[in-house]
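Number of protein chains: 2
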Amino acid sequence: MASTEHDNSLGLLEGLATTRAIRRYTDDPITDEDLSTILYSATRAPTGSNRQGFRFVVLRDGPVATRAKALLGEAFRAGWGTKRATDGYDAGTGTLDDSPKARTARAMQHFVDHFEATPVVVLACVEVRHGGIQDGASVYPAVQNLLLAARALGYGGVLTGWHRMVEDELRQLTGIPETFAIAGTIPLGRPQGHHGPVRRRPVRELVFDDRWDNSADWAVDPVGTRFTSAGPKRSTTEDA
Amino acid sequence: MASTEHDNSLGLLEGLATTRAIRRYTDDPITDEDLSTILYSATRAPTGSNRQGFRFVVLRDGPVATRAKALLGEAFRAGWGTKRATDGYDAGTGTLDDSPKARTARAMQHFVDHFEATPVVVLACVEVRHGGIQDGASVYPAVQNLLLAARALGYGGVLTGWHRMVEDELRQLTGIPETFAIAGTIPLGRPQGHHGPVRRRPVRELVFDDRWDNSADWAVDPVGTRFTSAGPKRSTTEDA
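Which chain is which? The protein sequence lines are A and B, in order.
Mind the numbering: the first sequence is residues 149 to 388 in our numbering, read in order.
Mind the numbering: the second sequence is residues 149 to 388 in our numbering, read in order.
Since the hints were derived computationally from the structure, they do not count as laboratory data.
Idealized CB from N, CA, C, for every residue including glycine.
Careful: at least some of the hints might be erroneous.
Facing chain B, a subset of chain A residues (Cβ under 8 Å, in silico) [as the list claims (entries may be wrong)]:
#1 ALA300
#2 VAL346
#3 VAL355
#4 ASP358
#5 TRP360
#6 PRO370
#7 THR376
The calculated label-pair distances, taken between Cβ atoms and stated as ranges, are [what the hints assert, rightly or not]:
#8 A:SER363 x B:THR174: 27 to 33 Å
#9 A:HIS258 x B:ALA239: 56 to 62 Å
#10 A:ALA255 x B:SER247: 24 to 30 Å
Just a few of them, taken from the derived set where beta-carbon distance is under 7 Å, the chain A residues facing chain B [said to hold, decoys possible]:
#11 TYR188
#12 PRO194
#13 PHE204
#14 VAL206
#15 ARG277
#16 ILE281
#17 ASP283
#18 ASN293
#19 VAL351
Isolated chain A, as found in the complex (with noise of 0.2 Å):
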């Protein structure tokens, strides 16, 4: 069956390559099983002198969650339609209805008009101990793993950040300390499209050899790479 099939010979390094955000899921559940492997495997990942101040909220149809995720879908559809005005999706190839931009724009809203639908909803925590980027360093190679490991089991997800918009709100129904950043929100759920290999700029110009600004000539994109075509705004919110 669709609900329970995943690839358990799917490789590190092409499991690596091929996933992509997903924001478009079916009504399937994700087992408890499948789920405590996802945490898991989150919590494989490093932290700063191995200290583990991560901690995760995972959000299903219990009492807080169902007025976290209502809270939630309110934020995301308010980030999205600022989102949308300011990057101009309704302007230029926006206007044609089958312009990369207009079935962006298309998904993006069918993601905030559903998000109270999520299976799944992560809340990614971590202690706050500078108060500045380091403090990423020990939760963002989590919710990589935990996005990694999703994928591993046929799910998909997205770490987003627009929770930021209510997060008084969400601290007091969910009762996420003020010593702890809430670093990321993460919906999961079966995707309803697919996973595959993403789309970046070339390789060579985000790594540098030796210096800033220095080509990096052993650097090379696999035979069949794709890249992303346009600026930021236009692959901004595909899946990617």
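Starting from the structure of chain A, add chain B where the hints point.
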């Protein structure tokens, strides 16, 4: 030969659970091809709005690399020296040659004393946008991909932050502009030790269901899982 062995069949889930922090390296270089795969895999990770604000400066044996490794070596030795004193590595069980604390101290001392001989050191950078933890969401997933890809190819490394002590000099030397944060320094090489299951706290201490501090009954560590057994200081710098 040991220098080229790796296991292409390593599964995604197994890779996530068995990628250790590796701090002791053989003299084997990392081949151009493997380095390309490692960096390519890093850049497959997600970034905020797929903006791809991450950049990787790869230090091998070029003119800048040699000086940067020397500068970083000083910083790492100073960093470890401070940590060794403040975290009491030479007190209590640290005075017993066979204690975990003493072994950790020896491993860390070896790591910093041999820093300049590390085959490859990667500086992971990211465009500064918010100046807070969320900037890390666009670079630490890539760092985790990098470490996982290295593991897939028979290498290993560790995400560190001791470059911060010499950040100004490091920027001057490498040309990293002020508009980019140096999010992490990642030494890489062929492990003298080996990868394997990592130790963490029981998953139920890290994962909550529905609300903070609410036990996730469905979250279980696989049979045979070994745990971090002591406070944060003891497990600080083991391969973990």
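### Task
Could you tell me which of the hints above the structure violates, numbers in ascending order?
Going through the list in order, the structure violates hints 10, 15 and respects the others.
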